[in-house]
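Here this note's numbering runs 450 ahead of the position in the sequence shown, where the first position is 1.
No lab work stands behind these hints, which were simulated from the structure alone.
Treat each hint with caution, since some may be false.
As the list claims (entries may be wrong) - SDA-like cross-link-like pairs, simulated, lysine to any residue; straight-line CA separation at most 20 Å:
id	residue 1	residue 2
1	552	788
2	552	594
3	594	507
4	552	564
5	594	564
6	594	509
7	594	492
8	552	534
9	552	505
10	552	775
11	552	581
As the list claims (entries may be wrong) - Label-pair restraints from in silico Cβ distances:
id	residue 1	residue 2	range
12	613	541	27 to 37 Å
13	593	649	41 to 51 Å
14	464	631	24 to 34 Å
15	687	790	20 to 30 Å
Every residue gets a Cβ at the ideal spot worked out from N, C-alpha and C, and that includes glycine.
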Amino acid sequence: MTPSPAGDISRRLVAIEDPALAARVVGCTSLRYSAGADPGLDRPDHVRAASSITMIGDRFAIVQDDANFIAVLGGPDGLIESLVLPPSALGERQFDDGRGNKHRKLDLEACFAAADESGMTLFAFGSGSQPARERVAIVGGWDKGERLISVVSAPRLYAALRDAPGFTGTELNVEGAALAGSELWLFQRGNGARRGDRRPVNATCVLDWVAVRAHLASPHRTEPPVPRRVAHYDLGTLGGTPLGFTDAMAVGTGFLYSAAAEASPDAVRDGPVAGSALGVLTASGDVRWAPLRDSRGDLFPGKVEGLAWADATRRRISAVVDHDDPEIPSVLCTIALEGPWPGPSSTDV
């Protein structure tokens, strides 16, 4: 996309529902840890509130917005393991309304894998919707078989996102993150509450990835990068409810994104879900989408929160679905793509 001065709203884009595109859920599996629950770690027996997924090596990594664990699945053993993130200051690793501790959760909503001379590293970003959520979980050592886990507090980075004209709307809520070459694209979900004349927005911005990584390595000494090329999106509606970004991944010269139609009152609380959609955002500014349907052709009722390729053909996607109920396991669904989606020749940037 054409660069513009830092902070400018360079584009206002309208997504078009494209009847040539189709996306169908062809199977779902509940996500339960192979080792079961572990009360000593405050870990349930299942993956809660799965919020993003990425492929790293030969395995999927799944982050959760209300539990301090990263689920790891795939590989030759077929097990679902858990990487344990640090607890809250009170020793908690599960957060929900029943416990009354949601204000202390990391709210990890967006993840991706990045490679450098040290190997593959997983980055999982908090939403930024509250102070406790201005943190980034970093897991290195994937190539060495010994995971190195840290959680970095990054309030200056999130302050830069809030200060970027037009990116936040009324409430910051980062839901997607994708690497495209040397750029990190962040996807803001427009489900915040209205504040006077200000409205929530679905938006993207671009950050220099080298600068982001340097800042996360030394957040007190290194300046965060300035967000650039802010763009706004009208993503359409399902059942009269506006769609909002929930994840994205780089494909070829653009992005494939997921969006949910959730009538949430603000960026913190959940609401009724009318369905989900998948869409394509190209470098030229073309944005097209299709509603997600089940095998019968009806609207799929779940809230898709994360996307990753399911196979090398680029015709199937693995997606995680959050039920917004801590007692119900999140599910991993396989989505079949039909029509002119990014095809087998596309590669992740």
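Violations among the numbered hints, reported as their numbers in ascending order: 1, 2, 4, 7, 9
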